[in-house]
Amino acid sequence: MGETFDWLTSSEQWSGPAGIPARLVEHIWYSALGVVIAALIAFPAGLLIGHTGRGSLAANSASNFWRALPTLGLVILVFRIEPLSIWPVIVALVVIAIPPILLNTEVGIRGIDPGIRDAARGMGMTGWQALWRVEVPLAMPLILAGLRSATGQVIATATIAAFVGLGGLGRFIIDGYSVRDIGEISGGAVVVALLALTVEGVFALLQRSLGPKEGRRRPRRVSGPAVQPEEVHA
Amino acid sequence: MNWGWLDRNLDTVLEDLSEHIQIALVSLLLGCLIAFPIGLIAYRWRAAYGPLLAITQVLYTVPSLALFVLLINAVGIGQTPVIIGLTIYSLVILVRNLVEGLRAVPPDVIDAATAMGFRQTRRLFAVELPIALPAVVAGLRLACVSNISLVSVGALIGTGGLGQLFIHGFQIDNPIEIWTGIVVTIALALALDLLIVGGGRLLTPWTRAVR
Amino acid sequence: MITLHDVTKRYPDGTVAVGNLSLEMPSGEITVLLGSSGCGKTTTLRMINRLIEPTSGRIDLDGKDVGAVPVHELRRGIGYVIQQSGLFPHRTVAENIGVVPKLLGWDRKRQRARALELIELVGLDQNMADRFPSQLSGGQQQRVGVARALAADPPVLLMDEPFGAVDPVRRGALQHEFKRLQRDLGKTVVFVTHDVDEAVLLGDRIAIMEQGGVVAQFGPPEALLAQPASDFVAEFIGGTRGIKLLSLRPAHAVPYVELGAGGMQGWTVRTDDGGRPAAWVRPGAPDVPVEAVRPDGTLRDLLDSAIASPARAAVRVDEQGVLLGAVPFDTLEDHLPQPARTTAEA
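Protein chains in written order, with this note's numbering: chain A, 1 to 234; chain B, 1 to 211; chain C, 1 to 346.
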């Protein structure tokens, strides 16, 4: 415990390219890249599948398979494809982030009372208008939950990716481990944990302010996954 | 490609496999054992559910590698920190699925059961829990697959399991070893998933009833 | 007999769902609690099996205070049927019916035998025994609900709008079948509904309730229809009180005449090979379909048949549907009930 505290408070950790702030920024940058790119792919796909109802089985089976893939293994594999660039690892992060966003968006859109969709069309909205003005706002809680879950997994995978040379906060843990510096290992773990908790907190606030009030009735499903369908850790 | 490697190192692979299974399943089991009473308490006392969820959510948010490291500080190296970490993760998923599954029991079914003369405990075990079973099974699947993936992460800080294979394979540039590790991990996850799904279906014949 | 002594249910926020209600529900009869939503009829029902505990007052079941018996014992002796049936989705039809017997400790064979017996009693096929509720239609589920309530042969049946969720076409069949069933079983039934026609059809006695569980009138259906005690009762029953009253008189009490060769006003009834009426016929005119009335029909059915007939006469048949004769309009008129006294004179 003491070594961790010493490490965290020693000034040299707070400056330079290998310091805490630098690594923190790197970590946030990689994670943000991963999530944003994944969202750009998964969000429209989820909307499409949820709205038309087609492709749901394929999406679900595929994600089942992805869940079984160990993230460390994935990171190592992609690194071997192109060892001198970080892009394969970013691709791995994107791949990890897609399932939660895709599935949550799909379930969110699909779970909307068909009566609401009907009413929107009846009021004269086109399919697109109904989608953006009515369905997406209603599905917002689940979509945000998917983003939240994806971000958590990406942050965690980016930490692990330090093993294959990626920067970020995982470096402290991996490098610390190789020289058996307990302060560095634990210190790194503490900072990563704090980052993850802060991001989670931001999302929680976002969900509270953006999500619509629970006015609509959710169709009851007695069998099947109870809450967020994709809550797998990385 | 060094195919011969596989023949020569089958023992190691199997050893890693059994260690992997051990850690993953022990955590899952512990998670179940602890999640059950906690879930029931959260279901009965609504006031407890919010805070409980908040606490478990906080623990769940900490990335696995970081959590394992912090746990090592507390309990030392070896399998224990990973088991504790994975138990916590499993707990979170299982408690939530159990409570939501119980809450999804149609209120008129509970009303009818009470009116027929069921006492609360008997009603819980004979009516509410069985109906909530599919949700619990879904949670078990999630937790199981998650655990199997995360045991590999533990290998980064010295715990056993199939992760050893890809780490070692990476370090000495032996693709066969890496691929073996990955394929066996995936196969294990899918096999256990199938087992849980199958078991779940056996226990819930009414969900498969066709009109 | 179920007796309510000055029963009140007041909620913490001050609302009085039921206020000082005293009512006597005779054994072996169907007592209907009739009223619009929120009037306290369901609350009253649920106080009998203590799903809701009264704030004050006493409810006696055959002389014994229901509050004095352990609640689980009490409930195992009372059948309970609700609108959504509340069938256990994870149990088969037979297992659902066997729930209370199982609670009472019956052995499996006895449970199963009883379940099969009741499945037949409520008009379902025996091969439904091992199906799950999700495989049944709404009407079938409700029948199972009734069977389940009857399984342990309780003397009392509490029913809360049990046929409300069934489509109107099938609801009629369920209502008539239940009425027939009750004739054989003779249970003490408390039946909650907001449907006046259902109340008139099924009730031996009807209690019309206003807000707060206040009984505006309590009596047999004829009394409510012929002599509504207040404007509220008259309004609730609605505009067709007179015609509703007709449905309480049995058709077999009205004499018919055999159709001679001359027929009535030139019209005769053509029958098929089995002697069942097919149509009203007259040379030179198109055939008119016949509305035939059986012995268990009502005066209302006779009136309907007569209005639909070109000869202004109702057609009577026997239980097998074979033509018996016709009832001319004059005869019907003689059998109409006396007009109601106005409330001012009462």
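It should be emphasised that the hints constitute simulated quantities derived from the structure, not laboratory data.
In this text, a Cβ means the ideal position worked out from N, Cα and C, and glycines have one as well.
Take these hints with a grain of salt, some might be off.
Stated by the list, open to error - Restricting the straight-line Cα-Cα distance to at most 25 Å, the calculated cross-link-like pairs of lysine to any residue (SDA-like) are:
no. : chain 1 : residue 1 : chain 2 : residue 2
1   : C       : Lys-102   : B       : Asp-108
2   : C       : Lys-187   : B       : Pro-106
3   : C       : Lys-102   : B       : Thr-80
4   : C       : Lys-187   : C       : Pro-337
5   : C       : Lys-109   : B       : Leu-203
6   : C       : Lys-102   : B       : Arg-123
7   : C       : Lys-102   : B       : Gln-120
8   : C       : Lys-109   : B       : Pro-205
9   : C       : Lys-109   : B       : Arg-123
10  : C       : Lys-244   : C       : Glu-161
11  : C       : Lys-102   : B       : Ile-55
12  : C       : Lys-102   : B       : Leu-14
13  : C       : Lys-102   : B       : Leu-29
14  : C       : Lys-109   : B       : Pro-130
15  : C       : Lys-102   : C       : Leu-61
16  : C       : Lys-102   : C       : Glu-120
17  : C       : Lys-102   : B       : Ile-38
18  : C       : Lys-102   : B       : Leu-133
19  : C       : Lys-244   : C       : Val-281
20  : C       : Lys-102   : B       : Ile-84
Said to hold, decoys possible - What follows is a set of in silico ranges between Cβ atoms, one per label pair, in the way DEER data are often shown:
no. : chain 1 : residue 1 : chain 2 : residue 2 : range
21  : A       : Ala-62    : B       : Leu-53    : 28 to 38 Å
22  : B       : Ala-209   : A       : Ser-56    : 16 to 26 Å
23  : C       : Arg-170   : A       : Asp-113   : 39 to 49 Å
24  : A       : Gly-127   : B       : Arg-208   : 29 to 39 Å
25  : A       : Asp-113   : C       : Arg-276   : 47 to 57 Å
26  : A       : Gln-207   : C       : Val-71    : 18 to 28 Å
27  : A       : Val-36    : B       : Ala-209   : 36 to 46 Å
28  : C       : Glu-120   : B       : Gly-198   : 33 to 43 Å
29  : C       : Arg-170   : B       : Arg-46    : 31 to 41 Å
30  : C       : Val-69    : B       : Leu-190   : 48 to 58 Å
31  : B       : Ala-209   : C       : Arg-110   : 42 to 52 Å
32  : B       : Pro-37    : C       : Thr-55    : 27 to 37 Å
As the list claims (entries may be wrong) - Quick partial rundown of chain C residues pointing at chain B, CB under 8 Å, derived from the structure:
no. : residue
33  : Val-69
34  : Tyr-80
35  : Gly-86
36  : His-90
37  : Val-100
38  : Ser-134
Hint check:
no.: 1; hint: Lys-102/C to Asp-108/B; result: holds (20 Å)
no.: 2; hint: Lys-187/C to Pro-106/B; result: violated (29 Å)
no.: 3; hint: Lys-102/C to Thr-80/B; result: violated (46 Å)
no.: 4; hint: Lys-187/C to Pro-337/C; result: violated (30 Å)
no.: 5; hint: Lys-109/C to Leu-203/B; result: holds (23 Å)
no.: 6; hint: Lys-102/C to Arg-123/B; result: holds (13 Å)
no.: 7; hint: Lys-102/C to Gln-120/B; result: holds (16 Å)
no.: 8; hint: Lys-109/C to Pro-205/B; result: holds (22 Å)
no.: 9; hint: Lys-109/C to Arg-123/B; result: holds (23 Å)
no.: 10; hint: Lys-244/C to Glu-161/C; result: holds (20 Å)
no.: 11; hint: Lys-102/C to Ile-55/B; result: violated (42 Å)
no.: 12; hint: Lys-102/C to Leu-14/B; result: violated (50 Å)
no.: 13; hint: Lys-102/C to Leu-29/B; result: violated (33 Å)
no.: 14; hint: Lys-109/C to Pro-130/B; result: holds (24 Å)
no.: 15; hint: Lys-102/C to Leu-61/C; result: holds (24 Å)
no.: 16; hint: Lys-102/C to Glu-120/C; result: holds (20 Å)
no.: 17; hint: Lys-102/C to Ile-38/B; result: violated (30 Å)
no.: 18; hint: Lys-102/C to Leu-133/B; result: holds (22 Å)
no.: 19; hint: Lys-244/C to Val-281/C; result: violated (31 Å)
no.: 20; hint: Lys-102/C to Ile-84/B; result: violated (43 Å)
no.: 21; hint: Ala-62/A to Leu-53/B: 28 to 38 Å; result: holds (30 Å)
no.: 22; hint: Ala-209/B to Ser-56/A: 16 to 26 Å; result: holds (22 Å)
no.: 23; hint: Arg-170/C to Asp-113/A: 39 to 49 Å; result: violated (27 Å)
no.: 24; hint: Gly-127/A to Arg-208/B: 29 to 39 Å; result: holds (35 Å)
no.: 25; hint: Asp-113/A to Arg-276/C: 47 to 57 Å; result: holds (50 Å)
no.: 26; hint: Gln-207/A to Val-71/C: 18 to 28 Å; result: violated (43 Å)
no.: 27; hint: Val-36/A to Ala-209/B: 36 to 46 Å; result: holds (45 Å)
no.: 28; hint: Glu-120/C to Gly-198/B: 33 to 43 Å; result: holds (37 Å)
no.: 29; hint: Arg-170/C to Arg-46/B: 31 to 41 Å; result: holds (39 Å)
no.: 30; hint: Val-69/C to Leu-190/B: 48 to 58 Å; result: holds (56 Å)
no.: 31; hint: Ala-209/B to Arg-110/C: 42 to 52 Å; result: violated (26 Å)
no.: 32; hint: Pro-37/B to Thr-55/C: 27 to 37 Å; result: holds (36 Å)
no.: 33; hint: Val-69; result: violated (11 Å)
no.: 34; hint: Tyr-80; result: holds (4 Å)
no.: 35; hint: Gly-86; result: holds (3 Å)
no.: 36; hint: His-90; result: holds (5 Å)
no.: 37; hint: Val-100; result: holds (5 Å)
no.: 38; hint: Ser-134; result: holds (5 Å)
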